[in-house]
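S.K.: Residue numbers (my numbering), protein chains in the order written: chain S, 256 to 367; chain U, 43 to 152.
Treat the hints with care, as some may be off.
Calculated lysine-lysine pairs in the DSSO-like style (CA-CA distance at most 27 Å, straight line) [unchecked claim]:
{"id": "1", "chain 1": "U", "residue 1": "K99", "chain 2": "S", "residue 2": "K347"}
{"id": "2", "chain 1": "S", "residue 1": "K322", "chain 2": "S", "residue 2": "K311"}
{"id": "3", "chain 1": "S", "residue 1": "K361", "chain 2": "S", "residue 2": "K258"}
{"id": "4", "chain 1": "S", "residue 1": "K300", "chain 2": "U", "residue 2": "K53"}
{"id": "5", "chain 1": "S", "residue 1": "K347", "chain 2": "U", "residue 2": "K60"}
{"id": "6", "chain 1": "S", "residue 1": "K347", "chain 2": "S", "residue 2": "K311"}
{"id": "7", "chain 1": "S", "residue 1": "K347", "chain 2": "S", "residue 2": "K322"}
{"id": "8", "chain 1": "S", "residue 1": "K258", "chain 2": "U", "residue 2": "K107"}
{"id": "9", "chain 1": "U", "residue 1": "K53", "chain 2": "S", "residue 2": "K347"}
{"id": "10", "chain 1": "U", "residue 1": "K99", "chain 2": "S", "residue 2": "K312"}
{"id": "11", "chain 1": "S", "residue 1": "K361", "chain 2": "S", "residue 2": "K300"}
{"id": "12", "chain 1": "U", "residue 1": "K53", "chain 2": "U", "residue 2": "K107"}
{"id": "13", "chain 1": "U", "residue 1": "K99", "chain 2": "S", "residue 2": "K258"}
Hints listed in this document are in silico derivations from the structure and should not be mistaken for laboratory results.
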Amino acid sequence: QQKVQQSPESLSVPEGGMASLNCTSSDRNFQYFWWYRQHSGEGPKALMSIFSDGDKKEGRFTAHLNKASLHVSLHIRDSQPSDSALYFCAAKEGFASALTFGSGTKVIPCLP
Amino acid sequence: EAAVTQSPRSKVAVTGGKVTLSCHQTNNHDYMYWYRQDTGHGLRLIHYSYVADSTEKGDIPDGYKASRPSQENFSLILELASLSQTAVYFCASSERDRQYFGPGTRLTVL
């Protein structure tokens with residue numbers, strides 16, 4: 256079983272709509288969480304990190320962490336065509352530890 | 043923006059042959075990583091390094107070696123390439139936290 260599991264595998268989002276991505280960890284040692292975005296043909300790029308319970312907002316992106324349930328989510332509001340990408344959740348134990356990635360959620364913007 | 047480059051960008055290798063993938067960073071970062079990406083598995087860590095002349099095994103090190111001759115350079119070596127090693131390989135660097143990825147190398151083993 257993968258230590259970091261993401262759902263759904265793919266998600267169609269109307270332009271201007273809201274996308275919600277989920278991530279659950281099975282390892283209680285994971286304390287630090289990241290969201291990475293990968294556009295087709297490119298390397299992943301860090302979107303945002305979240306280390307404390309609650310919400311963290313950066314522009315159109317909001318991450319939510321619940322450490323008790325080891326659940327992290329990413330919400331993308333006002334979906335744009337440029338949001339078409341593979342989104343990875345990643346977790347690590349310590350600040351300097353290596354990351355463990357989930358298998359990704361593919362976001363597919365569509366016409367409203 | 044931090045810069046990580048990889049070479050070659052794509053390669054076709056024969057089964058049993060030796061393959062070396064190279065990574066170079068100009069970020070002055072201490073940490074460097076090698077990942078492979080397969081459909082359905084996301085990114086899996088092969089080897090990483092905290093300092094020059096030292097490497098550590100990641101989650102899937104079997105069949106791979108790594109070399110960190112300097113802070114800037116990190117290589118991944120497949121001594122005997124196998125069909126199962128066909129994948130896209132990414133190098134990344136970090137200063138402990140945010141990782142900066144290269145553009146990837148698409149390796150096909152025939």
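S.K.: Which of the stated hints cannot be reconciled with the structure, identified by number in ascending sequence?
M.R.: Failing hints, ascending: 5, 9, 10.
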